[in-house]
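*Asks:* Residue numbers (numbering that gives the first Met the number 0), protein chains in the order written: chain A, 0 to 144; chain B, 0 to 165.
Hints are not guaranteed to be accurate.
Here are some, though not all, of the chain A residues that point toward chain B, as calculated from beta-carbon distances under 7 Å [stated by the list, open to error]:
(1) I17
(2) V29
(3) Y47
Read the hints as simulated data drawn from the structure, not as lab findings. Every residue gets a Cβ at the ideal spot worked out from N, C-alpha and C, and that includes glycine.
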Amino acid sequence: MADHVYKISTRVIRPMFIGVKIEHNDEFEVTSPPDWWPDAPEKHLSPYTLLLAASASCFSLSASKAAESLHTSFSNIEVKSTGTMSENDEQIWSFEKIELRVKVTIDDASQMEKVGRAIELAHKTCPVANSLNCPTLLNYEFVVA
Amino acid sequence: MFWYSKKIFNRASNIFDMPDDNLEEHRYDITSSWVKEKIVTIEIEGKPDFEVATPPDFWPDSPKATISPEDLFVASAVSCYGVSLSGVSKRFHAEFTSFKISATGTLQKGEYGWEFEQITIKPQIIVPSEKDKKRMAKAAERAHRFCVVSNSMKCPIHLDFKIIVE
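Using the sequences and the hints, build the whole thing.
*Replies:* Quick look at the structure:
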């Protein structure tokens, strides 16, 4: 497939609840999170958590690809992601920063430098981070299994 | 039909998503864990875990029923717009019978690799009267201007809405 085109559709299910349909997947409901809407149900995803999920998963998958291109590998990667919003002078809210705290497990300490380069490369090339206005901050550590 | 490009508007205050004043911070935490090559999980407290994979345009063997980071990126923009529209229309006293929104995001090669070139959001809003149509046109534009997710994106977010009286 040559084109990198992503199509999503949504519909209103009831006030404040949006059904999101991604091709080949079941529709799921999204609504505002509790910090914006105190009556928000707990188990629903919000647009903001979807954006964070895009960021964290993009980083992990980019790391795998980067490791492969540098002929190295890791046995596990865990990303904890925190997104923080702020309001500007015009009272517009947006994400101020996304922080990725990454734990990379490697079997062989000699691979640390190469895997480190793969992690840095993933951070630089992740399409989601490169499409955001806010900085994506990376903090990573190694665990040698 | 109306066209708006996010980047050409000055952005004013967020009239829909008024935060709870008792909460000083708007922070969101998630975890992503490794499953196997090209597949990871997303874990969000209190919500069911799900898997995310490299999309088929980068990995032909990608499992069809697994969403990609790129899908999530576009879904966050379009769902933010949908939730905003639902709230803003109420504030503008614009009634709607239903709405559906389609969105398409495209990638291009950037300085450091792939990045989103643009996202186009196409809402189709059904309203009961001409009076609602006028009000809804304002609400549709306002929801776009104040959407937190698209305000956090670097690529242009185009809005192309259609309001139908039925």
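*Asks:* Next step is simple, just say for each hint if it's right about the structure.
*Replies:* For each hint, the structure was consulted:
{"no.": "1", "hint": "I17", "verdict": "holds, 4 Å"}
{"no.": "2", "hint": "V29", "verdict": "holds, 4 Å"}
{"no.": "3", "hint": "Y47", "verdict": "holds, 5 Å"}
No hint from the list above goes unmet by this structure.
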